[in-house]
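Protein chains: 2
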Amino acid sequence: MALIVMKFGGTSVADIEKIENAADKVVKEVERGNKVTVVVSAMSGVTNQLVEYCSEISSLYDVREYDTVVASGEQVTAGLMAIALQKRGVTARSWLGWQIPIKTNTIHGKARIEEIETKELHKRLDAGEVVVVPGFQGVTKNKRITTLGRGGSDTSAVAMAAALKADRCDIYTDVKGVYTADPRIVPKARMIPKISYEEMLELASLGSKVLQTRSVEMGAKSGVPIQVLSTFEPYLGSDLKGTLVTKEENIVEQEIVSGIAHNKDEAKVTVVGVEDKPGIAASLFEPLAKAAINVDMIVQNISSRDGKTDMTFTVPRTDLERALKTLENLKTLKYEKLIVDPKVAKVSVVGIGMRSHAGVANKMFRTLADKGINIQVISTSEIKISVLIQEDYTELAVRSLHSAYGLEENKKIA
Amino acid sequence: MALIVMKFGGTSVADIEKIENAADKVVKEVERGNKVTVVVSAMSGVTNQLVEYCSEISSLYDVREYDTVVASGEQVTAGLMAIALQKRGVTARSWLGWQIPIKTNTIHGKARIEEIETKELHKRLDAGEVVVVPGFQGVTKNKRITTLGRGGSDTSAVAMAAALKADRCDIYTDVKGVYTADPRIVPKARMIPKISYEEMLELASLGSKVLQTRSVEMGAKSGVPIQVLSTFEPYLGSDLKGTLVTKEENIVEQEIVSGIAHNKDEAKVTVVGVEDKPGIAASLFEPLAKAAINVDMIVQNISSRDGKTDMTFTVPRTDLERALKTLENLKTLKYEKLIVDPKVAKVSVVGIGMRSHAGVANKMFRTLADKGINIQVISTSEIKISVLIQEDYTELAVRSLHSAYGLEENKKIA
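Line by line, the protein sequences are chains A and B.
Numbering-wise, my numbering puts 3 at position 3 of the first sequence, and it's gapless, one number per residue.
Numbering-wise, my numbering puts 28 at position 28 of the second sequence, and it's gapless, one number per residue.
Keep in mind that the hints are not guaranteed to be accurate.
A pair holds if it fits inside one copy or across any two, identical chains being indistinguishable in the list.
Unchecked claim - Below, simulated SDA-like cross-link-like pairs (lysine to any residue); rule was C-alpha separation at most 25 angstroms, straight line: (1) Lys28 / Ile16; (2) Lys143 / Asp126; (3) Lys209 / Ile100; (4) Lys141 / Arg93; (5) Lys221 / Gly109; (6) Lys103 / Glu117; (7) Lys143 / Ile100; (8) Lys141 / Gly279; (9) Lys308 / Ala361; (10) Lys241 / Gln49; (11) Lys143 / Arg93; (12) Lys188 / Ile280; (13) Lys308 / His108; (14) Lys194 / Asn301; (15) Lys141 / Leu396.
No lab work stands behind these hints: they were computed from the structure.
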């Protein structure tokens, strides 16, 4: 008998028929003798609609009220899921974030879970009851509703699994698992049966939208195995298909390169003609950090002319306008002008085997050069190499790299 | 400086534009120096959609989960209203039922408010903050969300006004006030500027859908003046148009007949051939009461044949199926058959002056007889006479009675 958290994303609970289908999957796990906690997203489209309502009234909405508004989507699905389970003869009830409670900090709109009270839930699970939890939401100590940021239901699921010490966290989604590249771009992309938290983290943060980054971080920290699988495949019992995200040591056959990720959600900003002196980076990026804008890739020109240099960095496109406003209002920093290019894409090669293999980066640069693709910015970590290129070349770059690293066949090639 | 509760119904907050319009009205009251609590319904159509979701999964849904689902509609509007007020420079925040808390009993789906904690709210109101409350919802002592039954936001508003000892409870709606009859049926219907709680109670429970019955009961109990007025009329300051529901003694010029109400929401059930002996009514209506079905008009045939008699009564059409199932499962009561007629309408003449004037009932029966309308059941109270007729004759009956009592002119005629 295992304790399982099953998470259903927006497309898996898009309408009543799909909620019933998801409930069938839960019942199967209950029938196998497992204790089950279900985490649900909002019905697909609902969150976007609610966000739009807020923005329509004011672009500068109070994030506490935004949270109150958008958290309602998951509340609805949780209640409906409980009803669907009860209809199937399974005892179930919904537990909202404030009822459990799922305690978070007070950073509304992007809150972090601090503690989950599990005593009562364990009692219910032990009694054979299914616990249904709306994803994406929590509550502050001042009893205000918070949300965890877009895709936050994955984080809710893994956090519930960690807090309950679950044996597995199953993420049901509309794809079959994690692929070596986006199958819409690379038809020959292969599903990855097992991947390490570290690689998944890079893939997740680099734009492979299967799992929210923070959920993978939490999985790595707690060691909960995360199983990504399709809601729309028939139930296979213990023989779960999909991708298992687990500890590195559990993966016997390690690939050098696991996958090619891409991301068109960033924009490039170049600050031209800033003084080339110590502290200039801090005076540029501190205000952005304070405005809660995540700066990703950063390059500073090596040579300076007339004691001046240029700084280039990327920010999420959704934050671009705020980033520019922040920079324009900077009194402490002088610069000549800002050059903005939102038409960029980040393409990345990810693989845990890179640590011990040379030549991975070189193959990447050579492949892109052969296709005439110009690299604007490079950034690397132990297990990934990312480059910024012109957006139009994204598909060509991803396909060429996928082929260059031999990912369509099940071989290890560096 | 007055303390005012302003309630906006579903059509008054139907979309973002209407929410902004409602917010403008709130700001006007704030600018006049008033302390304001706003109670909002769900955006029109939302509650129906949510109820439909529940019913689509199961007609026997868990009402606790239903409450969790449907209460979300008002939660959304409350957050949006707070954002709209803040945009106008007014400090405001949403207070959900469980945050205040609005404590109710545990009769989910039809909960009754037991207590409202007002200390913190008074502090906020005194500081000039606008308190925004989602209508329709409360919370049990077990921390589960409850709802107050359809139209419950009126009750929330009057309950808030009573708890806060407000000077006035303004109910903003899509009609201009309470009329002597439904203006869609009787074009000459007149708006009633002042009406007593007792009369409004009869009109409300008899199908004039401007106010929920329980809100009027609560108004009568607490003495809070309820002002019904249109959201879509320009703001008139202290010169509020619409209908004031108040204590009888505040109404100087009392009408004998205040209005003609009608209601097509009931169905007639006849239990044929029950034993004519003491206790038979109890054994019939007790099980219905236990199933939370409100039985309205009741008639027992006077003469019995072979020691048997027939019982006729009406129930809400929405409860008809459950009522029939309850009766069919009755082991303790023997009867020959059930005859059901959902095609009935209740038409009522209401007026506080009836207490001291004879001939009101007679005029009603005469008027209907002249039009060839058959009366199936009669029921009376001190201030109303109701008759059950065939549904097709509803409009004819209402129009004839409206004219017979001279309601289109501002005269007193019995």
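Against the structure, the hints:
no.	hint	result
1	Lys28 / Ile16	within (19 angstroms within a copy, 43 angstroms between copies)
2	Lys143 / Asp126	between (28 angstroms within a copy, 21 angstroms between copies)
3	Lys209 / Ile100	neither (28 angstroms within a copy, 39 angstroms between copies)
4	Lys141 / Arg93	both (24 angstroms within a copy, 17 angstroms between copies)
5	Lys221 / Gly109	within (23 angstroms within a copy, 43 angstroms between copies)
6	Lys103 / Glu117	both (8 angstroms within a copy, 23 angstroms between copies)
7	Lys143 / Ile100	both (12 angstroms within a copy, 10 angstroms between copies)
8	Lys141 / Gly279	neither (37 angstroms within a copy, 56 angstroms between copies)
9	Lys308 / Ala361	neither (31 angstroms within a copy, 96 angstroms between copies)
10	Lys241 / Gln49	neither (33 angstroms within a copy, 36 angstroms between copies)
11	Lys143 / Arg93	both (21 angstroms within a copy, 13 angstroms between copies)
12	Lys188 / Ile280	neither (46 angstroms within a copy, 77 angstroms between copies)
13	Lys308 / His108	neither (39 angstroms within a copy, 69 angstroms between copies)
14	Lys194 / Asn301	neither (40 angstroms within a copy, 78 angstroms between copies)
15	Lys141 / Leu396	neither (49 angstroms within a copy, 60 angstroms between copies)
Hints 3, 8, 9, 10, 12, 13, 14, 15, counting from the list given before, are not met by this structure.
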